[in-house]
Every structure is written in C-alpha cells, then in structure tokens.
Amino acid sequence: MKSEQQYIELFQQCRQLLSSQSDVVLDALRDEAFRIFKRIGLPDKKAERYKYTDVQEAFSPNYGLNLNRLQFRINPYDVFKCNVPNMSTLLYFIVNDAFHSKEYPNAKPSGGIIISSLNEAAHLYPDLVSKYYGQIVRKAETPSINSEGGQIIDGEFVPLRKNNEPDAITALNTMLVQDGLFIYVPKNTVSDKAIQVVNVLTSTVDLLVNRRVLVVLEEGAKAKLLFCDESMSDVNMLATQVMEVYAGPSSELELYELEETNMKNKRFSNLYVQQHDKSKVTLNSISLHNGLTRNMTYVSLEGEESVINLYGGVIADKEQHVDNHTLVDHKVPKCVSNELFKYVLDDNSVGAFAGRILVRNDAQKTESQETNANLCVTKTAHMFTQPMLEIYADDVKCNHGATVGQLNEAALFYMRQRGISLDEAKLLLKFAFVGEVIDKVDLEPLRDRLHYLVEKRFRGELNKCSGCRLC
Amino acid sequence: MLEIKNLHASINGKEILKGINLTINDGEIHALMGQNGAGKSTLSNVLVGHPAYEVTQGSITFNGKDLLALKPEERSHEGIFMSFQAPVEIPGVSMVNFMRAAVNAKRKYLGKEPLTAGEFLKIMREKRKIVELDSKLSNRSVNEGFSGGEKKRNEIFQMAMLEPTFAILDETDSGLDVDALRIVADGFNKLKTEKTSALVITHYQRLLDYIKPDFVHVLLDGNIVKTGGPELALEIEDRGFDWIKAERAVKNEE
Numbered sequence: 001m002k003s004e005q006q007y008i009e010l011f012q013q014c015r016q017l018l019s020s021q022s023d024v025v026l027d028a029l030r031d032e033a034f035r036i037f038k039r040i041g042l043p044d045k046k047a048e049r050y051k052y053t054d055v056q057e058a059f060s061p062n063y064g065l066n067l068n069r070l071q072f073r074i075n076p077y078d079v080f081k082c083n084v085p086n087m088s089t090l091l092y093f094i095v096n097d098a099f100h101s102k103e104y105p106n107a108k109p110s111g112g113i114i115i116s117s118l119n120e121a122a123h124l125y126p127d128l129v130s131k132y133y134g135q136i137v138r139k140a141e142t143p144s145i146n147s148e149g150g151q152i153i154d155g156e157f158v159p160l161r162k163n164n165e166p167d168a169i170t171a172l173n174t175m176l177v178q179d180g181l182f183i184y185v186p187k188n189t190v191s192d193k194a195i196q197v198v199n200v201l202t203s204t205v206d207l208l209v210n211r212r213v214l215v216v217l218e219e220g221a222k223a224k225l226l227f228c229d230e231s232m233s234d235v236n237m238l239a240t241q242v243m244e245v246y247a248g249p250s251s252e253l254e255l256y257e258l259e260e261t262n263m264k265n266k267r268f269s270n271l272y273v274q275q276h277d278k279s280k281v282t283l284n285s286i287s288l289h290n291g292l293t294r295n296m297t298y299v300s301l302e303g304e305e306s307v308i309n310l311y312g313g314v315i316a317d318k319e320q321h322v323d324n325h326t327l328v329d330h331k332v333p334k335c336v337s338n339e340l341f342k343y344v345l346d347d348n349s350v351g352a353f354a355g356r357i358l359v360r361n362d363a364q365k366t367e368s369q370e371t372n373a374n375l376c377v378t379k380t381a382h383m384f385t386q387p388m389l390e391i392y393a394d395d396v397k398c399n400h401g402a403t404v405g406q407l408n409e410a411a412l413f414y415m416r417q418r419g420i421s422l423d424e425a426k427l428l429l430k431f432a433f434v435g436e437v438i439d440k441v442d443l444e445p446l447r448d449r450l451h452y453l454v455e456k457r458f459r460g461e462l463n464k465c466s467g468c469r470l471c
Numbered sequence: 472m473l474e475i476k477n478l479h480a481s482i483n484g485k486e487i488l489k490g491i492n493l494t495i496n497d498g499e500i501h502a503l504m505g506q507n508g509a510g511k512s513t514l515s516n517v518l519v520g521h522p523a524y525e526v527t528q529g530s531i532t533f534n535g536k537d538l539l540a541l542k543p544e545e546r547s548h549e550g551i552f553m554s555f556q557a558p559v560e561i562p563g564v565s566m567v568n569f570m571r572a573a574v575n576a577k578r579k580y581l582g583k584e585p586l587t588a589g590e591f592l593k594i595m596r597e598k599r600k601i602v603e604l605d606s607k608l609s610n611r612s613v614n615e616g617f618s619g620g621e622k623k624r625n626e627i628f629q630m631a632m633l634e635p636t637f638a639i640l641d642e643t644d645s646g647l648d649v650d651a652l653r654i655v656a657d658g659f660n661k662l663k664t665e666k667t668s669a670l671v672i673t674h675y676q677r678l679l680d681y682i683k684p685d686f687v688h689v690l691l692d693g694n695i696v697k698t699g700g701p702e703l704a705l706e707i708e709d710r711g712f713d714w715i716k717a718e719r720a721v722k723n724e725e
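Chains as they are written, first to last, in the working numbering: chain F, 1 to 471; chain L, 472 to 725.
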C-alpha cells in the first residue's frame with residue numbers, strides 16, 4: 001500500500017466530521033482537493049519536484065489527527081518567553097493548527113487590520129476570505145498558455161515543461177484543513193508593529209497537523225511578519241503548512257520564518273506568493289534546528305515592476321534534512337528577483353536546494369539573480385543543488401550560480417596563528433558564511449537575535465527552542 | 472629564547488629543511504635571506520606549526536618549551552607571531568570580532584579575564600595609530616578588499632594587538648611601495664623592545680635599511696650556509712647569491 005492510501009481512507013471516513021467542525025468557506029474546496037489528491041497520490045522520488053525528499057516515507061507512519069478539535073491544555077502565553085526581545089511585536093500563537101484567541105496584552109492591531117483564526121475569519125468575513133482562500137494556489141496551478149514556454153503542435157499548445165502540476169501536499173492540506181491563521185491588511189494601511197506568530201507544535205501522541213495561513217495585503221498596505229516554528233514535545237510530529245500570500249499593488253511585505261523544531265519533527269511547507277504591480281516582497285527563512293524540512297516557495301510575479309527578495313539560511317547537523325524548493329515565475333515585464341540561499345551542513349546532514357527562475361515570453365526587462373552557496377563541514381554531509389534559469393524572453397538580465405565547498409584551510413590556519421582555537425576558528429567561518437543571509441534581515445532586533453541564536457546553534461547550545469520553559 | 476637544532480622538515484614527502492641550526496636570543500633581530508625555494512617560508516611555517524609541514528627530525532625550544540609539541544594557537548599564546556607573506560582574506564569575519572577572539576583567547580590562556588567591549592575598542596584605537604590604519608579598515612572583514620599595502624599594515628597592527636615576544640616577518644616587504652614599507656617598518660620598530668626578538672625573511676636589503684638586523688643568515692637548499700652581520704645583506708644585494716653557492720661548493724669539495 002502506498003502512503004497516500006491511509007489519507008484517502010481517512011478523508012472518506014471523516015468527511016462529515018470535517019464539515020461539522022469547519023466553516024463552509026474552508027469546506028468548499030475539500031472535495032476538489034480530494035479528487036486531485038486521489039488522482040496524483042503522494043509523490044515518490046521519481047517526481048522531479050520531490051526528488052530530494054522522501055515524501056512517501058515521511059507520510060507512511062500512522063499519525064493521529066485532532067479531528068475533534070480537542071484543546072491542548074497549554075497556555076502559550078504563560079509558557080512562552082519571547083525569543084526576540086527588544087522588538088515590540090504583536091504576538092500571537094498558533095498551537096498546532098489552532099489560533100489562540102486570547103490576545104497578548106499589547107497585541108491590538110490598528111487600522112482595520114485583521115489577525116485571527118482562519119476558520120473564524122471565514123465565518124465572520126466569508127466574502128473576504130473566499131475571495132482569496134485557495135485562489136492563490138489555484139492560480140499557481142493553472143497554466144497560462146499564452147506566456148508559457150513551449151510550442152504549438154498541430155494547433156495545440158504544448159508546454160515545454162509541466163510548470164503547473166497540482167501539488168499533492170497542498171491538496172492534502174486543503175482537504176484536511178480545519179484551521180490556521182488569517183492576516184488582512186486593508187488598503188493603504190501600515191502595520192506599525194511587526195506581527196509575530198509563534199507556531200507551537202505540541203502533542204502527547206504522534207500527530208499530523210495541517211496548518212493553513214492566508215495573508216492578504218491590499219493595495220498600498222505594508223506589514224512585517226515573523227513566523228517561528230517551535231516544537232514543545234517529544235513525539236513524532238508531521239506538519240503540513242500551506243501559506244497563501246496576496247500582495248496587492250504597491251504593497252510591501254517582509255516575511256520571516258524561523259524554524260526551531262526538534263529531530264522528531266517533519267515539516268512540509270508550501271508557500272504561494274502572488275504579487276501585483278509594484279509590490280515588494282521579502283521572504284527570509286532560517287532553518288535553525290529541525291528534523292526533516294521541505295519548504296516549497298512559489299512566487300508568481302503577476303504585476304509589473306514587482307520586486308521579490310527570496311533568502312534562506314540553513315544550519316543542519318546530525319541527521320537533519322533541509323530541502324528548499326523555489327520557483328520564481330516572471331510572468332510580466334520589469335520585475336526584479338534576488339535569491340540567496342546558504343547552507344552550513346555538519347555531521348551527516350543533508351541539504352537540498354532547487355531554485356527555478358522562469359522568465360516567460362512576456363517578461364521583458366526582467367532582472368534576476370540567484371545564488372546558492374553551501375558549506376559541507378564534514379565529508380559525510382551531503383548537498384544537492386540545482387539552480388535553474390529558464391528564459392523565454394530576449395531582453396533580460398539574469399544570472400545564477402551555485403557553489404559547494406569546505407571550510408577555507410588557509411583562513412583557519414591564519415586564525416590559529418593569531419591564537420584562535422581550531423573550533424573557534426571553524427565557528428567564526430561558519431558564522432560568517434551564514435551571516436550574509438541574516439544581514440539581509442531588515443528588522444534590527446530580529447537580526448541581532450538571529451546572530452545570537454545562530455552562534456548558540458553553532459556552539460551546540462541550541463538543541464531545542466530556547467524561548468520556552470516547557471522544554 | 473628560540474633554539475632550533477638539526478631541524479629537518481618536509482612537505483608532501485619532499486624534504487625542504489635539511490638540518491637547520493639557529494639560536495635567537497632575547498632582543499635580537501635575525502634576517503634570513505636566500506633564493507626562491509631555499510626553504511625560508513618552510514622554516515617560518517614550521518615555527519608557527521602549519522599542519523602541511525612535517526618535522527622529521529630535530530627540535531625547537533622556545534623559552535624552554537618544546538615548541539613542536541604545541542598547537543599553532545598555543546604557540547601564538549606563548550608569544551610567537553607571524554606576519555604572513557600573503558595575508559588571508561576572511562569574508563564575513565569583521566576585524567573587530569577577529570581581533571577580539573584572538574586577544575581574549577590569549578588572555579584566557581594566560582589566566583586573565585577577557586577584555587570588555589569598551590576596553591577592547593580603546594586598545595584597538597590606540598594600536599591602529601601605530602601603522603596609520605584607517606578606522607574604516609578595522610570595521611571591514613579581515614583583509615577583504617584591502618590593498619597589498621593595507622594587508623601588510625594590518626599584519627603589523629595585529630602584531631601590536633597581540634604583543635608577541637618573537638615575531639616572524641615573512642617577506643613583509645613584498646608588494647610594498649616605499650612609503651608603505653616605511654610605515655610598516657616604523658610600526659615594527661615602535662613595537663620592538665629589548666626583550667622581543669624577530670626573524671625577518673626578505674629578498675632585499677631595502678627592508679633591512681629600516682629594520683636593522685643583528686645577524687644575517689643565508690639559507691641555501693634547506694641549510695644555513697652563511698651567517699654574518701648586516702654587511703652580509705649589503706654584499707648579497709651587490710653580488711647576488713652565486714658567490715655563496717660557489718664558496719659552498721668549494722667547501723663541500725674540501
């Protein structure tokens with residue numbers, strides 16, 4: 001039996017229960033998602049997009065699901081200490097997939113900004129949520145024939161590559177979703193404080209969590225979001241997350257993701273970003289500590305003069321596995337994309353990066369840059385890197401590159417001659433290497449904190465989340 | 472201070488040093504000259520413990536300690552400093568963090584408390600003046616984007632910070648214009664005390680106009696074949712090395 005079978009059966013058995021526990025807006029897309037999932041199943045390693053991460057194996061154990069919406073008896077506000085001090089944020093918690101409605105004392109969004117449970121928002125603002133929920137994914141998975149690379153054969157357009165196949169994990173998330181987060185920033189509204197969302201994963205039994213996040217920035221809106229994934233228990237957790245981001249015209253979004261989970265955690269995160277005219281989005285994900293992580297980021301540049309900055313830093317050791325798969329889709333002219341991913345791999349860890357930049361026929365004057373640089377500290381660490389640039393327009397400025405290297409022996413010796421121990425010298429080099437990604441963080445307190453956390457991580461003092469008292 | 476006895480060393484199985492004997496006492500400056508490939512840099516690398524070089528025979532004692540038993544960082548703590556022929560660029564590591572790590576590592580080794588950030592920066596400001604190093608350079612990554620002259624000045628600046636008792640200047644004059652050479656040499660001379668000694672490796676007399684050696688040695692094919700006073704350097708500048716080779720050949724025949 002392939003791994004998807006248990007999810008197909010589960011869905012069929014629990015269809016009614018899922019409906020009874022969730023709003024119609026969330027419920028409306030389940031059956032379609034189920035049909036897709038049933039048709040395509042979970043990918044095996046032959047699937048190009050998933051060749052570096054074994055999805056079948058990750059999904060094969062029998063995880064529990066909290067279908068009856070049992071409350072976990074922890075109050076994150078009591079147990080969690082902010083990991084980013086000196087930063088005045090609007091702090092919220094999601095425990096597994098459930099939004100904690102109790103607000104932190106200083107968390108009061110202003111100017112019509114909505115930060116709430118996705119399920120609740122679907123109930124309170126059905127028109128607003130249904131306008132975006134699932135639609136960013138749908139658009140991403142619909143081929144746009146006119147601007148796709150390919151050729152007309154016998155009067156029919158045949159795309160060069162299948163860019164828009166539905167994603168099985170997104171489909172699974174959509175069919176099983178029960179809750180998550182909704183963030184809405186109205187037109188021309190600026191969230192003066194950064195919005196920090198701590199995703200707490202906790203359970204007493206092995207658990208599958210399907211978290212859904214919808215972020216909508218209307219025209220001219222500005223926001224800074226920080227998501228922290230923390231695991232607070234020592235059971236096997238499998239978390240799928242689908243995040244849809246709508247960046248309206250001239251909107252500005254900075255979205256930071258920090259993963260600090262444990263070795264028993266498996267994370268499959270699919271992030272879909274849709275950008276409109278003159279929008280500017282910066283994504284920066286730091287995988288500080290994890291078990292198995294596969295992050296897919298799909299950025300669709302739908303409006304001219306949009307800018308996407310896509311950054312990622314990975315620190316892995318022991319048997320950890322981090323796979324970042326990105327696709328930046330330049331659909332229209334005059335957009336800019338900058339991509340930088342850096343990995344430091346120690347022990348037997350495995351890293352993978354597949355970064356595809358697609359510049360379609362119509363996307364003239366595109367400027368795109370992609371860099372992936374990796375450091376394998378040991379001979380047993382493995383890095384797979386696959387930078388891909390596909391250009392169908394003829395007036396563009398693009399470059400891409402990847403490197404895999406070891407610590408610079410000459411630099412190590414130079415430092416030792418100055419009295420710095422070998423371990424400390426290695427640490428300084430690793431720290432400097434990944435520091436380039438952290439320096440891209442605009443929020444100064446967060447940047448400082450990340451430097452601190454990364455240093456602790458390299459010193460081996462950070463095996464679990466450092467902010468909470470539960471661990 | 473430093474006593475090298477019958478030192479043999481090789482790299483990748485090839486013997487480069489073939490029985491060096493050299494004693495450097497407190498306060499002395501020794502110049503080491505010789506043609507390319509004679510083993511000058513091998514000797515300095517062996518002294519600082521470069522892992523690529525293997526000592527196959529002989530001994531080095533430094534202030535009574537068996538130097539060869541010490542790690543490179545421990546040799547540094549014991550007071551040995553080398554100004555690199557080609558200082559290494561370390562992108563992403565700021566000069567400040569680099570020097571603070573180095574200074575505090577030494578203090579720890581000596582059983583002293585680490586310097587506070589304020590104390591450290593104050594010392595750094597003072598020492599920078601010795602080699603006229605721009606404050607902008609100390610805020611940058613180690614040697615990254617430094618000109619040749621700036622790199623060498625930066626070496627002497629690091630020497631000032633670490634206050635070694637024995638300094639090796641490995642072709643510190645290479646790639647320097649006259650002004651930069653003067654600044655570097657003046658910096659070195661300011662740091663020199665009655666107690667500190669140095670081994671100055673150079674191809675040219677020019678540097679020795681500024682840094683006055685007590686002894687000049689000529690290294691040839693892994694051996695010190697001639698030792699003299701400062702006048703030997705002048706003679707080499709004048710006549711090259713061939714006459715020394717010839718002398719040596721005659722000696723060997725005898």
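These aren't lab readings, by the way, just hints derived from the structure by calculation.
Accuracy of the hints is not assured; some may be wrong.
[Claimed, not checked] Facing chain F, from chain L, some residues (calculated, C-beta under 7 Å):
#	residue
1	P543
2	E549
3	I561
4	A572
5	A573
6	N575
7	A588
Beta carbons: idealized from backbone N, C-alpha and C, even for Gly.
Hint check results:
no.: 1; hint: P543; result: 4 Å, holds
no.: 2; hint: E549; result: 10 Å, violated
no.: 3; hint: I561; result: 5 Å, holds
no.: 4; hint: A572; result: 5 Å, holds
no.: 5; hint: A573; result: 4 Å, holds
no.: 6; hint: N575; result: 9 Å, violated
no.: 7; hint: A588; result: 14 Å, violated
Hint compliance for this structure: hints 2, 6 and 7 are not met, and every other hint is.
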